[in-house]
Structure formats: structure tokens, C-alpha cells
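Novice: If you want the building blocks of each chain, they are given just below.
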Amino acid sequence: MKIEFILNGETQTIDVHPARRLLDILREDFHLTAVKEGCGEGECGACVVLMDGKAVNSCLIPAGYLEGKSILTPEGFKETPRGQILEEAFIEAGAVQCGFCTPGFIMAAESLLNENPNPTNAQIREGLSGNLCRCTGYQMIFKAVRLAIEKGEGLW
Amino acid sequence: MTISKSIKRTDAREKIRGEAQYIGDMSFDNPLYLKTVRSTRPHAKILDIHLPDLPEGCFIIDKSHIPGKNRMRTVVSDHPILAEDEVLYIGQPILLVAGPSRELVYQISEKIRIDYEDLPAVFTLEESEKQNCVFTEYSFSKGEPDTAFAQAARIIEDEYRTGLQEHVYLEPQGMAAEVKDDTVFVYGSMQCPFYVEDALTEALGRPSDKIRVVQTTTGGAFGGKEEFPSLIACHTAIAALATHHPVFLIYDRDEDIICSTKRHPSIIRYKAGLDDNNRVTVLDIDLLYDAGAYCGLSPVVLQRGIFSATNVYNFHHLKVHGRNFRTHTVPSGAFRGFGAPQSIFGTEMLMHNIAVSLGLDPLEFKMKHILKQGDPSCTGGKIHDKVILPELVERALDLSDYRQKIQKKKKFAGVGISLFLHGCGFTGNGEQLIKGKIILRKSKDRVVLKISSVEMGQGADTVLRKIVAHTLDLPIEKVTCEIRDTGLVPDSGPTVASRTTMIVGGLLKTAADEMKSRWNEAEDFEISKVYHHPDFLTWDNDTFQGNAYPTYSWGVNVAEITIDPVTYDIHIEKVTGVYDVGRAIDERALRGQMEGGIAQGAGWATLEVMKSKEGKLVQHNLTDYKVPTSMDVPEITCDFIDNPYEFGPFGAKCAGELPMSGAPPAVVAAISNALGIPLKEIPVTPEMLMELERHED
Amino acid sequence: MVDAYRPKTLSEALKIRNETDCLPIAGGTDLMVQKARGTGLGPGFEKPLLFVGHLPELQRIEKKEGYIHIGPAVLLSELLHNPLIPDTFKKAVALMASPPSRNLATLGGNICNASPAGDTLPFLYAADAELLLENHAFERRMAIEDFITGPKQTDMKPDELLTDIIIPDMDFPVTYYKKVGQRRGMSLTKASFHGLADVLDGYVEDLRMAFGSVAPTVVRSRDIENSLIGESVNSLKNRYQEILELYEPLIQPIDDARSTAKYRKNVCFNMLKDFLNHLEKNQGDII
Ligand SMILES: Cc1cc2nc3c(=O)[nH]c(=O)nc-3n(C[C@H](O)[C@H](O)[C@H](O)COP(=O)(O)OP(=O)(O)OC[C@H]3O[C@@H](n4cnc5c(N)ncnc54)[C@H](O)[C@@H]3O)c2cc1C
Ligand code: FES
Ligand code: FES
Numbered sequence: 048m049k050i051e052f053i054l055n056g057e058t059q060t061i062d063v064h065p066a067r068r069l070l071d072i073l074r075e076d077f078h079l080t081a082v083k084e085g086c087g088e089g090e091c092g093a094c095v096v097l098m099d100g101k102a103v104n105s106c107l108i109p110a111g112y113l114e115g116k117s118i119l120t121p122e123g124f125k126e127t128p129r130g131q132i133l134e135e136a137f138i139e140a141g142a143v144q145c146g147f148c149t150p151g152f153i154m155a156a157e158s159l160l161n162e163n164p165n166p167t168n169a170q171i172r173e174g175l176s177g178n179l180c181r182c183t184g185y186q187m188i189f190k191a192v193r194l195a196i197e198k199g200e201g202l203w
Numbered sequence: 002m003t004i005s006k007s008i009k010r011t012d013a014r015e016k017i018r019g020e021a022q023y024i025g026d027m028s029f030d031n032p033l034y035l036k037t038v039r040s041t042r043p044h045a046k047i048l049d050i051h052l053p054d055l056p057e058g059c060f061i062i063d064k065s066h067i068p069g070k071n072r073m074r075t076v077v078s079d080h081p082i083l084a085e086d087e088v089l090y091i092g093q094p095i096l097l098v099a100g101p102s103r104e105l106v107y108q109i110s111e112k113i114r115i116d117y118e119d120l121p122a123v124f125t126l127e128e129s130e131k132q133n134c135v136f137t138e139y140s141f142s143k144g145e146p147d148t149a150f151a152q153a154a155r156i157i158e159d160e161y162r163t164g165l166q167e168h169v170y171l172e173p174q175g176m177a178a179e180v181k182d183d184t185v186f187v188y189g190s191m192q193c194p195f196y197v198e199d200a201l202t203e204a205l206g207r208p209s210d211k212i213r214v215v216q217t218t219t220g221g222a223f224g225g226k227e228e229f230p231s232l233i234a235c236h237t238a239i240a241a242l243a244t245h246h247p248v249f250l251i252y253d254r255d256e257d258i259i260c261s262t263k264r265h266p267s268i269i270r271y272k273a274g275l276d277d278n279n280r281v282t283v284l285d286i287d288l289l290y291d292a293g294a295y296c297g298l299s300p301v302v303l304q305r306g307i308f309s310a311t312n313v314y315n316f317h318h319l320k321v322h323g324r325n326f327r328t329h330t331v332p333s334g335a336f337r338g339f340g341a342p343q344s345i346f347g348t349e350m351l352m353h354n355i356a357v358s359l360g361l362d363p364l365e366f367k368m369k370h371i372l373k374q375g376d377p378s379c380t381g382g383k384i385h386d387k388v389i390l391p392e393l394v395e396r397a398l399d400l401s402d403y404r405q406k407i408q409k410k411k412k413f414a415g416v417g418i419s420l421f422l423h424g425c426g427f428t429g430n431g432e433q434l435i436k437g438k439i440i441l442r443k444s445k446d447r448v449v450l451k452i453s454s455v456e457m458g459q460g461a462d463t464v465l466r467k468i469v470a471h472t473l474d475l476p477i478e479k480v481t482c483e484i485r486d487t488g489l490v491p492d493s494g495p496t497v498a499s500r501t502t503m504i505v506g507g508l509l510k511t512a513a514d515e516m517k518s519r520w521n522e523a524e525d526f527e528i529s530k531v532y533h534h535p536d537f538l539t540w541d542n543d544t545f546q547g548n549a550y551p552t553y554s555w556g557v558n559v560a561e562i563t564i565d566p567v568t569y570d571i572h573i574e575k576v577t578g579v580y581d582v583g584r585a586i587d588e589r590a591l592r593g594q595m596e597g598g599i600a601q602g603a604g605w606a607t608l609e610v611m612k613s614k615e616g617k618l619v620q621h622n623l624t625d626y627k628v629p630t631s632m633d634v635p636e637i638t639c640d641f642i643d644n645p646y647e648f649g650p651f652g653a654k655c656a657g658e659l660p661m662s663g664a665p666p667a668v669v670a671a672i673s674n675a676l677g678i679p680l681k682e683i684p685v686t687p688e689m690l691m692e693l694e695r696h697e698d
Numbered sequence: 046m047v048d049a050y051r052p053k054t055l056s057e058a059l060k061i062r063n064e065t066d067c068l069p070i071a072g073g074t075d076l077m078v079q080k081a082r083g084t085g086l087g088p089g090f091e092k093p094l095l096f097v098g099h100l101p102e103l104q105r106i107e108k109k110e111g112y113i114h115i116g117p118a119v120l121l122s123e124l125l126h127n128p129l130i131p132d133t134f135k136k137a138v139a140l141m142a143s144p145p146s147r148n149l150a151t152l153g154g155n156i157c158n159a160s161p162a163g164d165t166l167p168f169l170y171a172a173d174a175e176l177l178l179e180n181h182a183f184e185r186r187m188a189i190e191d192f193i194t195g196p197k198q199t200d201m202k203p204d205e206l207l208t209d210i211i212i213p214d215m216d217f218p219v220t221y222y223k224k225v226g227q228r229r230g231m232s233l234t235k236a237s238f239h240g241l242a243d244v245l246d247g248y249v250e251d252l253r254m255a256f257g258s259v260a261p262t263v264v265r266s267r268d269i270e271n272s273l274i275g276e277s278v279n280s281l282k283n284r285y286q287e288i289l290e291l292y293e294p295l296i297q298p299i300d301d302a303r304s305t306a307k308y309r310k311n312v313c314f315n316m317l318k319d320f321l322n323h324l325e326k327n328q329g330d331i332i
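Protein chains in written order, with our numbering: chain X, 48 to 203; chain Y, 2 to 698; chain G, 46 to 332.
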């Protein structure tokens, strides 16, 4: 099936099986390996990308769904002003250990702050609840999001 | 600047940006993909294997392709790399299918049929005990337990249980292999490059200089990438040799859960003798650990289990007996804490429950029994270092407001406290046997660390580089780590047993001190160091007498929980942890370890239900096996009290595994406190609580 | 074989549905997992896919003549943000799946998947929701409980699509929702209860009670409810044991990887009791 969609700001036309997972399209066809596979069933959030500005699990999206959508991966996000702020905040807060969950958390945090630039602690917990981290116990990730809100005043 | 002041992690940026290369992110020219065909029977003879016709470029690899010995080398090398005539658990690897596309490989593996003849199987620890399927058995004692029991004023017997736990490192297991100029290269996610090299030497029947093992960025491990990667490294290497292609073997989550090692389930039986003053004078501990289908490194897990079974307490008379049992289930293996969290849970809850049953305050009761400097440990080794457990307890009580909270207890809310320790480094004479080696290389104004100890998320790179940079007064950017490639680095030992900072960091510190004094000697030179065991430590591995560990790290946890009276859902509100890890090399990195360990421990104690039914895991994906999310973790407060250790770098002891033992007994004591019922088994689930409550009613 | 269709309009979709044996897919959050085959493989569907999630006709939320109409392709996250959606329904939706998967999952998908653990269903049953099913020529409107015939089974004909979800626009002063999961974040339901009631001067004017995940389909009994309507709130409290006994034969949970039958049953009774207690206190929102 021929599909046209926007990937990190550029229009792409691909010809793939309509059930091929966006996760595989990104990792294998476009070599965008910042998107990780931790479960392949929507449970871990390591594969989270933004679709039209909102976090989605790329392992759950069939290619046929993509037509006309705009996809942003960590590769496309990292150089943006908000991407930079989140990057610094995650480093400063110590939110990264093994790092396998991290790109997904960054995208989830971006989606959360897009929707709610000033979340309460409970809303931060809720907003990140689709992303598993087995290393950090999450505390430093919460802190990173609060730090990003502080540092990135007005950006979201 | 003091060493403890936190710096930015050296690997954070590339991980955040998704630029770090995990094994699944690597690419090779014309790789073949591997898929493992596994046993569907818990115990059976393989009668016949029916293979489909293979398309061009596809291969089947079986035991006959193994050039060397068909055993995965570890402590007890009993696990066949690919099954021979018999399978002992569901998920055991039998064949490998290799092909140029995942689709082809999948199609072929779907068409393979295996005929089995089922054999009798043992599924539970109790059943295995009845049939006496023992892999290993140890015992030791202290004082005169029999006399002490005879003189005891009161005897209490009890039994405790802990369940399976899956690591859920976020990056599933994966390896790749290729052959270049007659050298086999294996790349992958792992804790112990030289364990893998060892296993390959034996499986491939080739010398280690024809094998290179290269660690890729490792997405979490927790013990799950200690011995298990050796197995799949053998699979990839054998396949690369057989097919003359680079090969990839990356597990999906479900496959990973089904076949990778888990934490040993346990049953621990106690008989305690108390005197008139309600002091436990004698304790008999019988530990049963479920090793699963193969023995592997279960003997050393059990050793740590039995040597940790007295936890922070000094019982004058003691009898300890431990056994590993075979069941026809997925093999158990290394998991953060390595056998200790099980026995510490049992003993902490025993102490808690005895106190409550006698109407005593659990904390006061525990404090009457704690070890002090100069006391003999359970194996009679002298506790050489200062024990600051009372200070840790005081700090934890203050930070958590424990006293106030336990007095003003509300309905369906509870608070609990746990005391715990972790023996630093290898058990017994392990360090002497391994003799870790490091090299520090100066080239102009830069220094390179050559070690095999890996970064797997715990922060080893940052901490070890910091030790050297701090000693040499260099900026951290000038101090780097050589990639963990067995062709390039010496064997500083496996990244296990919380030994990296204390032992390997200690060697690096000594080398850095020497380098500092010789700095101007030359532009380029190397210093190498080999581990030397401090002379004052003694250990007899036959009688289990002496210092089972060079020193201990200590901790106190206070947990606060609430229970939903309608659903019995447990909510862990807050955990306070205070620790003595000698001295923090980097406080934030350390905090990260403690917070992650608390979450993992709390998960094991409450959420993480994993059962097997007739040898088949009931929860085998992340939909059914639940680890804590951001909504489940408590608020965590951590603090550290400095107690520098003479033989650790800057006074550092061990840290990574310690927190795993603290949260479970603290959380369970809090639940017990909330409902006023004794609890003896984890995970504690709402199902279990409702059952117990109805029983009480 | 054609692998998939991506019609531009609903009528085009219904035409394809009429002519071919195909599998409608909306957000894919159920189907992609149910048919998953692993990394790099893509799920294995036996039939060509019919993408319907993008169809504008299926994405509306509107109020018409005393009813709220929700298009089946409305995302769970959109339900949370729409002012026409009753708050008590939002509470159930907010506890479903996770933020990223709620940006994919649709209401229609949850209904058509017909899982006993589908979390929108107890509310829809309690609210007397009706469904509109259309093929290329006809449409039929039916109660949700007639549509869902068993676990993962519906009365959907091979040429039909679900095209509208219709909820009477009613205001219930007393609402109660509780989801029992394995953990707080992202969890499938072990048992759930949605209660709606109207209480006037201490007497029950209207009462709806629906249990999820404890029987092959959602449990709601109009007979039991009708026998309680008109009673005083106080007397209901005293008849609690009797009410449990009425529900007892209907609540038939199973043991599975997530919980036990016994626990599920007990927790249902506890939730029911809790709800009845809240009637007495006449408290509004309970969650
Ligand atoms: C990680 C994760 C967590 C989840 N948690 C929850 C949870 O907490 N609670 C819960 O209830 N569910 C949960 N789910 C299940 C799922 O997300 C929901 O059922 C969701 O609402 C399904 O919607 P969908 O659009 O993704 O369905 P799809 O997968 O697209 O479709 C589901 C079914 O509906 C059919 N269908 C869809 N639309 C139509 C239509 N218009 N006409 C005819 N047939 C149609 C499809 O053919 C298919 O049979 C979870 C799923 C995942 C992956
Ligand atoms: S890989 Fe998509 S959620 Fe885990
Ligand atoms: S840092 Fe390892 S899973 Fe989050």
C-alpha cells in the first residue's frame, strides 16, 4: 500500500504492507533507532512518538493508519528548543540510567506538557504512566519534568 | 570538591538523544536473523524433529553444529546450549532457524514439528522436596544450637515464602555475531563479557584469542544479563560459524519472559528459641530455593541466601541449612540481591511477627538483636568495621516521623520498618579466585580505564571515571573508558555482586594514586593492578567459617501504606530509606540506585505476581506481569550517613543490590500493621488480603 | 489479495464491506496486539483490513433531541476533553489504558472488541446506550446489551459497521465508578462497577448498576433494579444481604492470570455495598 505521511517535517511516500508497524517502519526502513521496542504490545512506552503532536505507541500503529499524519520521532525533536530543554532537564535531574526508556519518556513528557503546560505532581505521574522505567523508580524523571517546566518557561 | 558531590552522568546525553547504540540498533551487511525453536513440554524425550524444506539461504542449526562442548559454561555447566535428547522445561532451546528475513525465518519455524514422549515432571518446590530432587545442599552452624533449644523458654516455628520475579530490564536480551579473519566476534547486551568469552571458548572449542566479546549499550540488567547472555552468545556464535554470515538474535518481550532466568522462588522455615527476656537466643533456618530445570549458578545464589539469612542480627546459636531444588520450570538465576532478598524478607518478617505476637514493639525487639562492631557474623567472621545501624535507624525515624505515625495509626493505614544489609563483593573466596585486573593508561593529558566491568545503567562509567579523575585532578572528559571488548580490556571480573565500585573502583584508585606520583615520568604509560585480598580476612570454603564478605553495607527502610477497604488494593504512599554505603562516590547516582531498588523491591512484594502452572508461566507478557508504573511508585526519601570503609575507594562500599532487600519487609510490615494480621508470603496481593481478612472475621 | 482498503467516506466503506470479507480496524490497539507476530513482522491478519478510524462521519460528538451521539471512531482521549461527555463516563475512560494508547484507541473499538473487561461498557450498559449499525442499504438501532452476545462476540453482520453510539442525555445526581486493576497505572480490569442513581427525599427514583469483568458480558439486571426503585435509601441498606443474593447467580467470574474468581466476586459485593452506602449519604461523585 502506498502511503504518504510527514516524518520529522518531511513528506515521505512509502510502499509497505498496510499492517506493518510504524515502529518497524521507523527503525528498519528509516533507521530511526531512537525509537525503541520494549514490548511490542503497548505496555512499555519505549516506542512512543508524536502523531500530530500527541504521544502514541508506534508499535500499535499499522502503516495504513499513517496516511496524512505527521510523525515526530526523538531524532526530529532533539534539536527543537523544547527538545533541548527536556534534554538538559533530564541530565540535570539524573533521570537517565540504562537509557532504554528515555527517548520514549522525552516524547511522553513533550506530549504531556503540550496538553498541560503546568501539571501538578499527580498529573505528571498520570501523564507518564504509559512509560515504564525499571531503573530509576521514576522520582528523578518527575523531577526532570518539573525542571523542564521551570527552565522552559513559556515554551509550552 | 568532595567526591560525593554529584556530576552529570557521562552517558546521559547520547541516551536521551537516542544516539546510544543498543544491540538492536546495530547494523551488519547481509545479516541472517535467528529464531529459537523451543520446547513446548516441561519434561520430555525428543523422539523426532520434522523439518520443512528450506528455501535458499536459510539454515537450521542444531546440537550437531556445536564445535565444542554442548554445555553453557557457568558455575555448574549443566544447561545444554541446544537440547540433546531430552528437554527439561517449557522454553528450552532446541534448534535455531536462520534466514535472510524475519518473515522467512518465522514461516520456517512455524512449520517445524517435534515429536515428544512426555516424562514425569516436578513443578513445585514442595513436590521437589518430597521427591528429594536436590541440586546442592549446604549447612553451617554457630554456637550450640541444640543445647540452646533445650534451654529456650519459648519456641516459635514459622514458614515464609517468596515468589518468582522477572527482571523486566527494559531492553530485551539480544546478541549478534560475525566471523572476521577466523575470529568470532560476539556483540550484545551483557553484564559479564568474560563470562561470555569463557562460555564461547568451551562451546566453540577455540582459544580465547580467536574470540572477541564486545558489550553494547546495555538497557538494564539487574542480574538478568549475568549468566543468561552466555547462552544466546553461544547460539549466535555457533550460527555465525555454521552459516558464514553475521547473525542477529534479538528477543521479543514475550520470548524473553518465557525463557530467561528469574529470581529463585523460596520457602524458608524457621524455628526460633527465645529466653525469658524475649531475646532470640537460637535460630534454626531451613532454606529451600527453586532453581528450576538446571542448576547453573544456583549454588552461589544459595550461598548468599544462607549467609544473609541472619540479616543484621547476632543470634548466638544458629543452625542454617539450605537446599536448591530442581523443578521442571524455567531456570532461576542471578537477580539483584542474589538470593539475599529472599532470606532477608523471611528473617525480617519473622522478627516482626514474633514481636507482634508477643505484644512487643517490632523495632525495639529488632534493636535488641543487632550486630555490633567486633561481633562474630553468622559464619563467625569478625565484623571489623564500625556498625552505625542505630544512627541509620534514628535518622529514618526522624525523616519519616515513624514514632508519631505508629502511635496515631489510622484504620486501613500502616507503617513498617525494615533493617537490612548486603555483603559487599563476591561471597567467600570469590574475589581471590577471580583476581580482578585493571589497566590505567596515560596518553599525554588523557587517561583511559581498561576494565571489563560494564555500564548497564547503574552508572559505573560515571563513577569509575570520577574516581580516577578526582584522584588525578583531571576533568572527567579527559578520563574515558575503553569499550568493553575482551580483546582490548583485561578481566576486571563480572559486573555483579555490587563489587564494581568497591573492588574495581578500589583497584582503579590505587592505580590512579600511583599514576599521580609518576605523572611526569612519561607521555604514555600503563599501570596495571591485580586484586589482593586483605590479609585480615579469613574464609574456609569447606566449613563456611570466617568472613563471608569483606564488609557490609546497611540500610533502614520505613514504608507507609494505605489499603482500600473496598478492593483491598495496597497503595504504598511513601518509603524512606537511610543507608550506610561507606561513602557515596556520586550522591545522585547512588540515590538513583536506591530509588530504583525500592521500586523494584516494592514491586516484588506487592504487584509482581508470576506463577507457573504445570511448568508454564501464567503471566508471560507485560500485560499480565505488572511492574510498577509512575502511578504506583511511592514518594521516596533517601539519605546517607557517611561511614568510610578503609579498603574502598574514598571509603566506598557496595550499593546496587542493597535496596532490593529493604522495601519488601518494610512494605509487608506496614500492610500487616494496617490490617493487624501476620503476613508471611510475597507478593502480598489484594486477593490474599481479602482472603485473610475474611478468615479473621 | 488486496491487503487493505482506505475508503474516503462512510458510504465507500460500507460498499467495500458489502463486497468483500474484510476486517474493520479503527485505532488498532486491540487488533495489533491480538495478531502480533513479533519484531519486524507486522501482525498476521487473515483478512484484508478496512481502515475506518479516519472517516469523518464516524468522528462526531453531538447532542440531538435528548441524546448524545458519539461516533465510534472518537478517540478515548477526545472523550476526555469533550464537554458533552458525562463526567462519570470520563472517569472510567481516564482509567483506561495509558495516555499514548488513549490517543489511538476508539470508543467503537472498545465496544466491538466486546471484551468482558472493556471499560466503557459498564457505563454504556447503565446509561441504556444504543448502537447504530449500518450496511450499504439499511441501518438498525439496538441496545448495547443485545449487540454484545458473549465474550468477544457481537451481533455485527459481516457487511455492517458500527456507525453511532447513542446515549440518552440524562443527569444522575449520584454516580459511582470503581475500577479494580492489578496496579494503579495502565492495567486491564479485574472487576469494575458503574452505578448511577437518582434519589429524591430519601427515596430511590432511578437506579442503574453494572458490573464489568465478572461474567461473560457486563452484568446489569433491570429486574433487580426495578425491584429496588421506589424504596427508601435506608431500607436498601438493610436489604443489602438480600440484594447481594439477587446478584449472586449473575456474577460468574473466572480465575485467570490477573485475579481469582473468588476475589472478583467479593470485590463486586464490596463495591455494591459501598455504592448503596453512598446512596444513603447521597454523595455525588465517588470514584
Ligand atoms: C496497552 C493497552 C492497554 C489497554 N487498556 C485497556 C483498558 O484499561 N480498558 C479497556 O477497556 N481496554 C484497554 N485496552 C484495549 C483497547 O485499547 C480498547 O479496547 C480500545 O478502545 C479499542 O479501540 P481500537 O480503536 O484501538 O480498536 P481496534 O483494535 O481498531 O478494533 C477493535 C475491534 O473493533 C472492531 N471495530 C472497530 N471499529 C469498528 C467499527 N466502526 N465498526 C465495526 N467494527 C469495528 C474491529 O474490527 C476489532 O474487532 C488496552 C489496550 C492496550 C494495547
Ligand atoms: S514497544 Fe510499544 S509500548 Fe512497548
Ligand atoms: S533508565 Fe533503564 S528503564 Fe528507565
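Don't read these hints as lab results, they were simulated from the structure. One should not assume that every hint holds.
What the hints assert, rightly or not - List of simulated lysine-lysine pairs, DSSO-like, C-alpha gap at most 27 Å:
#1 G/318 - Y/411
#2 G/80 - Y/612
#3 X/125 - Y/9
#4 G/80 - Y/617
#5 X/49 - G/80
#6 G/136 - Y/614
#7 G/307 - Y/617
#8 X/190 - Y/612
#9 Y/575 - G/197
#10 G/80 - X/101
#11 Y/614 - G/197
#12 Y/112 - G/318
#13 X/198 - Y/6
#14 G/318 - Y/681
#15 G/282 - Y/411
This one's a predicted model, so the numbers in the text were calculated from it and none came from an experiment.
Novice: Hints numbered earlier in the text: which of these fail when held up against the supplied structure?
Specialist: 6, 8, 9, 12 and 14
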